[in-house]
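S.K.: Single-letter residue listing:
There are 6 protein chains.
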Amino acid sequence: MFTRFFAPTIEVSAHCDLPCGVYDPAQARIEAESVKKICEKVADNDDADFRMRAMIIKEQRSELVKHHLWVLWTDYFKPPHFEQFPELHVLVNEATKLAGASGTKGSFDVATADELLGKIDRIAEIFAETKKG
Amino acid sequence: MFTRFFAPTIEVSAHCDLPCGVYDPAQARIEAESVKKICEKVADNDDADFRMRAMIIKEQRSELVKHHLWVLWTDYFKPPHFEQFPELHVLVNEATKLAGASGTKGSFDVATADELLGKIDRIAEIFAETKKG
Amino acid sequence: MFTRFFAPTIEVSAHCDLPCGVYDPAQARIEAESVKKICEKVADNDDADFRMRAMIIKEQRSELVKHHLWVLWTDYFKPPHFEQFPELHVLVNEATKLAGASGTKGSFDVATADELLGKIDRIAEIFAETKKG
Amino acid sequence: MFTRFFAPTIEVSAHCDLPCGVYDPAQARIEAESVKKICEKVADNDDADFRMRAMIIKEQRSELVKHHLWVLWTDYFKPPHFEQFPELHVLVNEATKLAGASGTKGSFDVATADELLGKIDRIAEIFAETKKG
Amino acid sequence: MFTRFFAPTIEVSAHCDLPCGVYDPAQARIEAESVKKICEKVADNDDADFRMRAMIIKEQRSELVKHHLWVLWTDYFKPPHFEQFPELHVLVNEATKLAGASGTKGSFDVATADELLGKIDRIAEIFAETKKG
Amino acid sequence: MFTRFFAPTIEVSAHCDLPCGVYDPAQARIEAESVKKICEKVADNDDADFRMRAMIIKEQRSELVKHHLWVLWTDYFKPPHFEQFPELHVLVNEATKLAGASGTKGSFDVATADELLGKIDRIAEIFAETKKG
Chain W
5 MFTRFFAPTI EVSAHCDLPC GVYDPAQARI EAESVKKICE KVADNDDADF RMRAMIIKEQ
65 RSELVKHHLW VLWTDYFKPP HFEQFPELHV LVNEATKLAG ASGTKGSFDV ATADELLGKI
125 DRIAEIFAET KKG
Chain S
5 MFTRFFAPTI EVSAHCDLPC GVYDPAQARI EAESVKKICE KVADNDDADF RMRAMIIKEQ
65 RSELVKHHLW VLWTDYFKPP HFEQFPELHV LVNEATKLAG ASGTKGSFDV ATADELLGKI
125 DRIAEIFAET KKG
Chain L
5 MFTRFFAPTI EVSAHCDLPC GVYDPAQARI EAESVKKICE KVADNDDADF RMRAMIIKEQ
65 RSELVKHHLW VLWTDYFKPP HFEQFPELHV LVNEATKLAG ASGTKGSFDV ATADELLGKI
125 DRIAEIFAET KKG
Chain F
5 MFTRFFAPTI EVSAHCDLPC GVYDPAQARI EAESVKKICE KVADNDDADF RMRAMIIKEQ
65 RSELVKHHLW VLWTDYFKPP HFEQFPELHV LVNEATKLAG ASGTKGSFDV ATADELLGKI
125 DRIAEIFAET KKG
Chain R
5 MFTRFFAPTI EVSAHCDLPC GVYDPAQARI EAESVKKICE KVADNDDADF RMRAMIIKEQ
65 RSELVKHHLW VLWTDYFKPP HFEQFPELHV LVNEATKLAG ASGTKGSFDV ATADELLGKI
125 DRIAEIFAET KKG
Chain V
5 MFTRFFAPTI EVSAHCDLPC GVYDPAQARI EAESVKKICE KVADNDDADF RMRAMIIKEQ
65 RSELVKHHLW VLWTDYFKPP HFEQFPELHV LVNEATKLAG ASGTKGSFDV ATADELLGKI
125 DRIAEIFAET KKG
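Chains as they are written, first to last, in our numbering: chain W, 5 to 137; chain S, 5 to 137; chain L, 5 to 137; chain F, 5 to 137; chain R, 5 to 137; chain V, 5 to 137.
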């Protein structure tokens, strides 16, 4: 149920560059979910204008995915995290590439969007691990 | 635990104006949490430059709160929702005002940020109700 | 004649969130006029590239219409205005929807742009009424 | 009275780069009015935080003045206009400088804001002349 | 060779509106080079989706060209420069028009992009002349 | 001399996410030079308003440094580059951190700006190496 998300036991985490200390992989995930839905909707719709609008919005949403992931990589993750999770640099690099020209920006392929979501989930798991410590 | 948020049974909801159908009050809440943390950090820090940076960032984050709430009000909520929840127009209007000049933009008061968070939580509850449909 | 608009008896009204107290429905109207012209030009032009550019720009201009109307709704209009004009919440909500996916973003229909302009004119009338008081 | 501005005999003019053909010096003027009000409000208010917010917003509004004037200079005015009004290049250049570091960005001086408004009014007069032709 | 560009004898020049005093025509040129490459790639690629993406990005990059040139015109160049180089107003005006609807925004023509690059190079030469003084 | 930069033998390199193939570390460097000049100017100027404006602009310019470096890291550098230059992930991560809260955003220290410039120069060297291949 939705409201449980706002229950006090679930920390909504940090992202502004004061830094305020609030980061949350959900920001990238919400945009990536949006990208996936766009791909699905285009698959069900032959209208050329709709496809154009979908392209414009997919471009923006994919860029937001990249931005939110970059923020995590630079502003949240610290050297000890990179030591503890040696895959982290490559993982974030691949995830951001998957939201770019060779990924969701460059195609309407739902599988590509799913692959991106998979990477974001793995980043979210690592993020959750670092929060436990 | 964080990763449960990403469990398949919890729908991450919609927001782009295709519309993709993905909306999520979490977007406004994350920014508002950030605003609150900024207020708390300023209360603990006498440095004038820090206060200036905090002001700049609080201004941006508060604007994002307003934007995400406006998107919900215009793009997600439909006439039947407004009928079912007669408080909704005033609630969103007050919430966005609370993120403006007379609210978190205009002060470093933690109580104001909490009041804003309270409104966002109420909007999230209504949002969750409409999802149950 | 244009220059009369700048005559001292005509108040140019307010919009920044200091707040500076300067708001003006003309901002939304100018963007909506632009949206309408785009629709008219596309109706007269078969070039596919032109249509694409028109789509990109219509998307941006429609978003600006929404933004300017949201600013009026949150930053300019106060509780007494909403009491005096009970239609105001629904009016602004409908106007912003008309600049979205179900409105000018989603089609090149000139009639839709005209409907949006009609709503903005009604908002401008109410705005003018509140300025008299 | 405000609503006369929206009367059908008064053309609301052009600005997007389709181009839609809609341009309007009012866009620059509204932002410049906002800048002036900010300067006036700061003159009446000793609060340091208020001054900081005013600075942030004045910076943004001044940038918008520059942008709207640049758009007129590049997108609206054509070679015959520059021939007919030999002062036009220098006028727009000076106006945009007046909204920059050596103008309203760099000070809270109301007289500077008035000087900027004067230049915008002159540009608006020339604009109105070109519309008559 | 690239690294020579970063050698201490080559001044990287100025652009923020503090002003910091750092301006550089390279900013406009990099975006214009990008616009040209986009035109060339589209000429070699029949895919409709690719053309759409190219259009979206060309629109943004052309806008950046305009912005960087406007910044030079308003923030860097001073009255003595305009006296010394009487062609400067018209040159910058034409260059920004060439990055607009009647230029690179409005077509995928490589020759148009080259014409724009030519104007930027002439502006860069004048810029370099003013730096010598 | 400046104009040599525009000589045909020096490739101005790539950055948009078509991708157009044009990337250039000069974009990050220009912004970082600007940040350094801002720090120097503040050191020579006691005016509180000037410091505030400097803070606002330094925040924006530092963010641009981060953005341009992120684009290189995600869009330009490919797996073979990361293999050939094992320091690259950490180098870009450190450089972007140096343009953030713990770096140039968080202080007016000229030495910090210099440290950032040093990292950017190293990235530019690696970039130049990959172009030779």
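To be clear, the hints were calculated from the coordinates, so they are not data collected in a lab.
Each hint should be verified, as a subset may be incorrect.
Which copy is meant is left open, because identical chains are indistinguishable; a pair holds if it fits in one copy or across any two.
Said to hold, decoys possible - EDC-like cross-link-like pairs, simulated, lysine to aspartate or glutamate; straight-line CA separation at most 20 Å:
1) K136 with D113
2) K45 with E91
3) K135 with D51
4) K101 with D50
5) K45 with E98
6) K82 with E98
7) K82 with D50
8) K45 with E63
9) K135 with D118
10) K136 with D118
11) K45 with D125
12) K45 with D21
13) K45 with E133
14) K101 with D118
15) K136 with E67
16) K135 with D50
17) K135 with E119
18) K82 with D48
S.K.: Run every hint past the structure and note whether it holds.
M.R.: Hints and how they fare:
1. Within a single copy, K136 and D113 get their C-alpha atoms no closer than 35 Å, and across copies no closer than 30 Å, so neither meets the 20 Å cut-off.
2. Taking the closest pair of Cα atoms, K45 and E91 never come within 20 Å of each other, the shortest separation being 34 Å inside a single copy and 33 Å across copies.
3. Proximity of K135 and D51 under a CA criterion of 20 Å is satisfied in neither setting, with 46 Å inside one chain copy and 29 Å between copies.
4. Proximity of K101 to D50 under the C-alpha cut-off of 20 Å is found in neither arrangement, the shortest distances being 28 Å within a copy and 24 Å between copies.
5. Taking the shortest Cα distances, K45 and E98 never come within 20 Å of each other, neither inside one copy (25 Å) nor across copies (25 Å).
6. Proximity of K82 to E98 under the C-alpha cut-off of 20 Å is found in both arrangements, the shortest distances being 19 Å within a copy and 10 Å between copies.
7. For a Cα distance limit of 20 Å, the shortest separation of K82 from D50 qualifies neither inside one copy, at 46 Å, nor across copies, at 26 Å.
8. Taking identical chains as interchangeable, the C-alpha atoms of K45 and E63 lie at most 20 Å apart whether they share a chain (15 Å) or sit on different chains (18 Å).
9. In this assembly of identical chains, K135 and D118 lie within 20 Å of each other by CA distance neither inside one copy nor across copies; the values are 25 Å within and 23 Å between.
10. For the identical chains of this complex, K136 and D118 are neighbours neither inside a copy (27 Å) nor across copies (26 Å), given an alpha-carbon limit of 20 Å.
11. For a Cα distance limit of 20 Å, the shortest separation of K45 from D125 qualifies neither inside one copy, at 23 Å, nor across copies, at 30 Å.
12. Within a single copy, K45 and D21 get their C-alpha atoms only as close as 35 Å, which misses the 20 Å cut-off; across copies the closest is 13 Å, which meets it.
13. Taking the shortest alpha-carbon separations for K45 and E133, neither the intra-copy value of 35 Å nor the inter-copy value of 25 Å comes in at or below 20 Å.
14. Proximity of K101 and D118 under a CA criterion of 20 Å is satisfied intra-copy only: 14 Å inside one chain copy versus 30 Å between copies.
15. In this assembly of identical chains, K136 and E67 lie within 20 Å of each other by CA distance neither inside one copy nor across copies; the values are 30 Å within and 30 Å between.
16. Taking the shortest Cα distances, K135 and D50 never come within 20 Å of each other, neither inside one copy (45 Å) nor across copies (28 Å).
17. With identical chains, the CA atoms of K135 and E119 are never at most 20 Å apart, being 25 Å at best within one copy and 27 Å at best between copies.
18. Proximity of K82 and D48 under a CA criterion of 20 Å is satisfied in neither setting, with 43 Å inside one chain copy and 24 Å between copies.
The structure does not agree with the numbered hints 1, 2, 3, 4, 5, 7, 9, 10, 11, 13, 15, 16, 17 and 18 stated previously, though it agrees with the rest.
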